[in-house]
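Visitor: Sequence:
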Amino acid sequence: MPLSSSDIIILPYDSQFSRAGVQYARDSLHFTFNRMQLNTGERLRKIVAGIAFEMATRRWLESESIRYDRLGATAFTDSDRFDLAIGGRRCDLKSSLIYDKRKIIDLRADPAWVMDAEALVPEDQFESERMGEHDIYVFGFVAGLEARHSTDTEKALAKNLPVCMVHTPTREVWCNIVQWRSLGGVAFKSNADAPIAIEIGGQAANRGAIRERLRLAPRTRVSAKHDYYSVLYLSASQLPCATIALHSPALEKTHVVEPTDWANIWVYGQRVYLCGWMNKHDFRANSRRLPAHSPVKQYRHTATANRALPIGELRPMAELAEIARKHQRV
Numbered sequence: 001m002p003l004s005s006s007d008i009i010i011l012p013y014d015s016q017f018s019r020a021g022v023q024y025a026r027d028s029l030h031f032t033f034n035r036m037q038l039n040t041g042e043r044l045r046k047i048v049a050g051i052a053f054e055m056a057t058r059r060w061l062e063s064e065s066i067r068y069d070r071l072g073a074t075a076f077t078d079s080d081r082f083d084l085a086i087g088g089r090r091c092d093l094k095s096s097l098i099y100d101k102r103k104i105i106d107l108r109a110d111p112a113w114v115m116d117a118e119a120l121v122p123e124d125q126f127e128s129e130r131m132g133e134h135d136i137y138v139f140g141f142v143a144g145l146e147a148r149h150s151t152d153t154e155k156a157l158a159k160n161l162p163v164c165m166v167h168t169p170t171r172e173v174w175c176n177i178v179q180w181r182s183l184g185g186v187a188f189k190s191n192a193d194a195p196i197a198i199e200i201g202g203q204a205a206n207r208g209a210i211r212e213r214l215r216l217a218p219r220t221r222v223s224a225k226h227d228y229y230s231v232l233y234l235s236a237s238q239l240p241c242a243t244i245a246l247h248s249p250a251l252e253k254t255h256v257v258e259p260t261d262w263a264n265i266w267v268y269g270q271r272v273y274l275c276g277w278m279n280k281h282d283f284r285a286n287s288r289r290l291p292a293h294s295p296v297k298q299y300r301h302t303a304t305a306n307r308a309l310p311i312g313e314l315r316p317m318a319e320l321a322e323i324a325r326k327h328q329r330v
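The letter at position 56 of the sequence shown is residue 56 when you use the working numbering, and the numbering goes up by one with no holes.
Think of the hints as simulated: they come from the structure by calculation, not from any bench.
Hints should not be assumed to be uniformly reliable.
Taking lysine-lysine pairs in the DSS-like style, the calculated list, with each CA pair at most 25 angstroms apart, reads [as the list claims (entries may be wrong)]:
(1) K103 with K155
(2) K103 with K159
(3) K101 with K155
(4) K253 with K225
(5) K103 with K297
Derived DEER-like restraints, expressed as beta-carbon distance ranges [to be verified]:
(6) V256 with K155: 23 to 31 angstroms
(7) A209 with R67: 26 to 34 angstroms
(8) A305 with T254: 35 to 43 angstroms
(9) A209 with A303: 23 to 31 angstroms
(10) N160 with R102: 21 to 29 angstroms
(11) R70 with R213: 26 to 34 angstroms
(12) P2 with V173: 47 to 55 angstroms
(13) E212 with Y68: 27 to 35 angstroms
(14) Q270 with E319: 25 to 33 angstroms
(15) R213 with R325: 38 to 46 angstroms
(16) N160 with V256: 24 to 32 angstroms
(17) Y299 with V173: 30 to 38 angstroms
Glycine is no exception: its CB is placed at the ideal position from the N, C-alpha and C atoms.
Using the sequences provided together with the hints, build the complete structure.
Guide: Right, dumping it as structure tokens:
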């Protein structure tokens, strides 16, 4: 059954998608493969959009009374295996963030805009054995704006929109890669004239996630309550306007964070477009190899080599829903 623009499922964007996405992104950044060689802010926003797409897809499945499981979901420190299982098949969700205002407007005006965009699977992922030939890929898009520059963040704050400023200390130093040990009572100090509220996130001795919020009084040393074995991120809900220093007695190192070292990773989502699906066997037979740095409709160019197929050649989500329902009746 060929895909038509009327088969594209348009879902509302819930701010909870971004809220859940920023937490997962902050925790997992150092444990995800930077395949696209993006800077920290871009990588984090891409992760946020991916979580948003997964949450929207799960809501749609629930609204259609389609059972799924998340047995492939992994701890934030592990590599992903697959996102969901639907109808007895593993399902890998593949989404792109549409952040260009003109493209968002075009897509909102006519969902058929996506039909000649590319369904992309990174070549190294495709050639791995994590997905069987009858497992499926589900493709779609998240339409939403980004605040890439401080001026964009200031505009968002002026409109009372959420902001999530993030800084990630150097992984090689602050993730204790060489020797897993306590950082020895990490402490902070800011040179601001007013208090600054921050969140610190990292790992405990058992490598589980720990986080806490601290209020940094001006020019006053403030110690974290938890015993951190790694510091994964610092975060703030405002744009920090002063230098903040992070110190580890065990490392005998101080990490200095300047006001320009923060990135706003909040995705100001508008809609989610659930486009279509195909199993790996058919995608292998119908897709083509798209070299790295190739132009595609959804963004300027790809960063890596992909297997690619026009969205219009996918199978409708309604068909997948019916297959899943039949599986449930067995």
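Visitor: Take the hints in turn and mark each one as holding or not.
Guide: Evaluation of the provided hints:
{"no.": "1", "hint": "K103 with K155", "result": "holds, 21 angstroms"}
{"no.": "2", "hint": "K103 with K159", "result": "holds, 23 angstroms"}
{"no.": "3", "hint": "K101 with K155", "result": "holds, 16 angstroms"}
{"no.": "4", "hint": "K253 with K225", "result": "holds, 19 angstroms"}
{"no.": "5", "hint": "K103 with K297", "result": "holds, 9 angstroms"}
{"no.": "6", "hint": "V256 with K155: 23 to 31 angstroms", "result": "holds, 28 angstroms"}
{"no.": "7", "hint": "A209 with R67: 26 to 34 angstroms", "result": "holds, 28 angstroms"}
{"no.": "8", "hint": "A305 with T254: 35 to 43 angstroms", "result": "holds, 41 angstroms"}
{"no.": "9", "hint": "A209 with A303: 23 to 31 angstroms", "result": "holds, 28 angstroms"}
{"no.": "10", "hint": "N160 with R102: 21 to 29 angstroms", "result": "holds, 26 angstroms"}
{"no.": "11", "hint": "R70 with R213: 26 to 34 angstroms", "result": "holds, 28 angstroms"}
{"no.": "12", "hint": "P2 with V173: 47 to 55 angstroms", "result": "holds, 53 angstroms"}
{"no.": "13", "hint": "E212 with Y68: 27 to 35 angstroms", "result": "holds, 34 angstroms"}
{"no.": "14", "hint": "Q270 with E319: 25 to 33 angstroms", "result": "holds, 27 angstroms"}
{"no.": "15", "hint": "R213 with R325: 38 to 46 angstroms", "result": "holds, 45 angstroms"}
{"no.": "16", "hint": "N160 with V256: 24 to 32 angstroms", "result": "holds, 31 angstroms"}
{"no.": "17", "hint": "Y299 with V173: 30 to 38 angstroms", "result": "holds, 33 angstroms"}
Checked against the numbered hints given earlier, this structure breaks none of them.
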